[in-house]
Amino acid sequence: MGSCSGVVSVSEHSRGLVLVVASTIILQLGACAHGPTAPIEDRAKDHATLSLSIDPEPSIDDEITTDRLAPRVSSRSGLIRSTVAPERTATRQLLATSDVAMAAGNYVAAAASLDRAIRLTPNDALAWHKFAKLQFAQRDYAQAKATAQRSNVLPNATPALIAANWILIADIEQIIGDKPAARAAYAKARTQVKALDNTIGQDQDAGGNLPFSE
Amino acid sequence: MKRSKNRWRSVIGPGLLAFYTRHIAFWLLLSVMAYWMLLDNTVVRSFAERRWDVPARVYASPLELYEGARLGTDYLESTLLQLGYQRQSSIDAPGRFSRTRDGFAIFSRGHNYPDGAEPARRFNVHLVNGSVADLTEVETNKSLPLARLEPIEIGTVHAKTFEDRVILALSDTPQIFLEILIAVEDRRFSHHFGIDPMGIARAAISNVMAGNINQGGSTITQQLVKNMYLSNERSYRRKFRETLMAISLERRFGKAEIIEAYINEIFLGQDGNRAIHGFGLGARYYFGKLLADLNLAEMATLIGMVKAPSTYNPQRHADTARKRRDVVLILLREQGVIDNDAYDHAIASKLIARGRTSLRRSKYGAFIELVKVQLKRDYRDTDLQTAGLRIYTTLDPRVQQAATETAGATLRNVEQRKELEANSLQTAMVVIDPRTAEVKGFIGGRSGSGAGFNRALYATRPIGSLVKPFVYLAALEQTERFNVLSMVHDETVNLTFASGEVWSPKNYDGIAHGQISLRQALAKSYNLATVNLGLKVGVENVAARLEKIGLNRDVEDFPSLLLGAVDMTPLEVAQLYQAIANDGFKVPLRAIRSVGDAQDRILTRYPPRVEQVIDAAPVYLAQYLLVRAVSDGTAGAVAKELREQLPLAGKTGTTNGGRDSWFAGFGGNYLAVVWVGRDDNGATGLTGASGALTVWIDLMRRIGITAFQFGRPEHLRWEWVTPSGDFVVSENCPRAIRVPLALPHGLPVQRHCELRDPIEYGLWDRVRGLFQ
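Read top to bottom, the protein sequences are chains A and B.
Residue numbers for the first sequence follow this note's numbering, so the first one is 1 and each next one is one higher.
Residue numbers for the second sequence follow this note's numbering, so the first one is 1001 and each next one is one higher.
Hints in this document: simulated from the structure, not taken from any laboratory.
Careful: at least some of the hints might be erroneous.
Once the Cα atoms are required to be at most 35 Å apart in a straight line, the calculated DSBU-like pairs of lysine-lysine come out as [unchecked claim]: (1) K1548(B) <-> K179(A); (2) K1239(B) <-> K1255(B); (3) K1548(B) <-> K188(A).
If you want the footprint, here are the derived chain B segments under chain A, 3+ residues with CB under 8 Å [unchecked claim]: (4) 1607-1616; (5) 1712-1718.
Covered stretches of chain A, as calculated for chain B (at least 3 residues, CB under 8 Å) [stated by the list, open to error]: (6) 101-112; (7) 120-126; (8) 139-147; (9) 150-157.
Remember, predicted model here, so these are calculated numbers, not experimental data.
Just so you know, even glycine gets a beta-carbon here, dropped at the ideal spot from N, CA and C.
So here's chain A without its partners, still in its complex pose (with noise of 0.2 Å):
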């Protein structure tokens, strides 16, 4: 899983690259998240001109006393885990299990992994994307495309995360034959990594090298 510091080079227009280098990502800005060299979360304060799709702190009407209705972001990236809920320690353990064995092509392991790490969190909208990715892998394509859009939709789906589940839905449409399905998808991807992009500066290349030029 790359340095904090490193470049993620992509050669070209590849889309399983692009899924590759988008999940890359992810889990690089996570371990940047925790290392000594990546203060993002006080830059990310800095940046009043970061936009969102979700406003991160609205407050309520005035007919509503508490305040838990509206959605927060512990960041404005969204990157940044401001806490962990310790169950959450249980579910990164089952997804570490079940990347393991995607990656050693047993799709029945990784599956009852994810299942169990879903059972166990089915907030989590990182394990709901790895679901989808397993079901594109099985060629299940609208299972993929549904689960993706499920993952987007939660409240602890990062920039990132929202991203990567663009990604792999334009790839399932292209895989389908809808072209312009695809582009609109490949452009929400876009906006999400923009975000990114302010948030993580000049000294990182992770965004720059982004093969999402058309």
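Chain A is already provided as a structure; the job is to place chain B on it using the hints.
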């Protein structure tokens, strides 16, 4: 007599007689040989091809232990006891646990789950404030990310013979158990050839002395043959067949194979119409333990039962069973199988059989029925009944337990409070996880027993106001026409049908409230506003929504549909609300996670299958309206009683005269639909709020509902708007309200704050808004 015999002799002569005698002896021998060969053939073939009828076992979802898992001390302990774990000070073997200062030390048994084997291991669980704070493996002293206990068995799918057993391999059977078995039942088992002439002689003498047949002198092989192939009758003919067959079996098969079959075949009693076969199930049924975990006294009791299972049943006749056990123990000491110490210890121990809980059958009956419905789609009856399949279900025993208790206690309270006849109310409950659509709890009736009518699965009732969210959803999908503050007329409706019949619905309070916002209309569950809105949207559109969201039932698009004149089962209602709670993503409700074969190989998996049935943004608005129904509407009791868990969302439903009292509500982890009413469809006088809602609140308090978390739909934005939802305004405007809007919302932006009455500011403001 004598004369006639002589006459025969004189006719045929002495030589001929000898000839006939030899002939008769020859033919007799020949026919016995033929008979034996026939038997031999049958026995050998059928024994070689023997296959035990093993019913499918149905398991609840296992208790998963991990840091952060919500888990109470009492619940963990009761689960361990239910699994037959022994509480001991030293946990030196699987199946034991002890209490520590702030938790438990557990030596789990492990289980071959179809999604991966769970090893037996020793670990410490540290519980703080009702959740797992820490999980440490003893061997490595490292923290354990995840562990799970064995699943609780909640039922079986039987063949008509109702034979039940837990198959044991000889290698899984403790050596001491085999020694005891042989010592008691067949001392010369390792030496004889199927029958034991010494034993028979001893039995024969004893029978002659007693004047009837009461001692068997049967070898283990003979008993096996009798159990497998012969009837229970006591006759010399049967004994003769048994002898021949036993010899055949011994001739062709080894002692190990014979005793292994015996261990699994032997009849050990009856549990209702279920026949307990084999020591594996015997140990579990009578002691709640694995055979390997039985102590000497328990083994002696179990083996003592072979002689007469119902007489020596330790659950029913504890005294007789203990006497028999002591006889066995004395015999073991005499034969030197056990030493004096072991004997003293065993004979002094109390006989503790597991309680006769047919609980598992009653408590889980309704759910098992649901499981069978799902299984029938993919499996044949014979496979389910005989192949020893393992069905891993979604049921959470904790939720089921709470729902069963709630069904009893809360309904009693409601009856007392409302002065209704005792036990007149019935109920049905469906509890699911809204994200995965797993059924966590399922109650088909008040007693919780599966014996009665399964109302959750089969009772179709008009759903009343539970339909309303779908009317509003159909409206809110037209994002530029409706938002949550759009005004609707709560005014009298008179619809004349082609038949000349006039339909004029009323509000529950009998008052028409004039112009009100959608969010108020749904929160207060106003009928007139809903009908007017529904007519604007089109009844056929509402019907189409219901079908799209997952209702597998023809819906007639009469205007009365808008007020819930459509019959559904509680299960169907749960499916519809699942799609709302899950941001518009329908996942078919599931009772089964996976099915494995007898060797724990996975046969079928049932993962969640997601389908987006409505755009997430309008669903967000519907969720918002349902949260308002709790914070500011007919479900206000929820806000009062479950203050810490807000926001929660839900909708009450009532049909005429309180024939049906409904509540469907959800938070972050659970969605539950509750129905309360009478089986004879009589009036109860209850509303959704005074009946089903009370039950729902009680249930949610017990199972620990968490706050609902809104999703983050792409096409949704929170904006400050005017009170009537006509303009987007600055948040500094004094009367501005912040609401979620589905995109495109089409609202013009108004840059000033001159907010007058919604009626008053009309066209000019709109035009001005457009240009500012």
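Each hint tested on the structure:
1. Restraint check for K1548(B) and K179(A): the C-alpha separation of about 27 Å stays at or below 35 Å, so the hint holds.
2. Restraint check for K1239(B) and K1255(B): satisfied, since their Cα atoms lie roughly 21 Å apart, inside the 35 Å limit.
3. Proximity of K1548(B) to K188(A) is assessed by CA-CA distance (about 27 Å); at most 35 Å being required, the pair is judged to hold.
4. As drawn, the stretch 1607-1616 of chain B meets chain A at 7 residues by the rule of a beta-carbon pair under 8 Å; at three or more, the given contact holds.
5. A count of 6 residues in the stretch 1712-1718 of chain B with a Cβ less than 8 Å from any Cβ of chain A is obtained; the coverage claim is therefore met, three being the minimum.
6. Closer than 8 Å: that is the beta-carbon criterion, and the stretch 101-112 of chain A has 4 residues meeting it against chain B, so the requirement of 3 holds.
7. For the stretch 120-126 of chain A, the stated coverage by chain B is satisfied: 3 residues place a CB nearer than 8 Å to a CB of that chain, which reaches the threshold of 3.
8. Here's how the stretch 139-147 of chain A fares: 3 of its residues keep a CB closer than 8 Å to some CB of chain B, so the rule of at least three is met and the hint holds.
9. Judged by the Cβ-Cβ criterion of 8 Å, the stretch 150-157 of chain A is covered by chain B as claimed, because 6 of its residues qualify and three suffice.
The earlier numbered hints are all upheld by this structure, with none contradicted.
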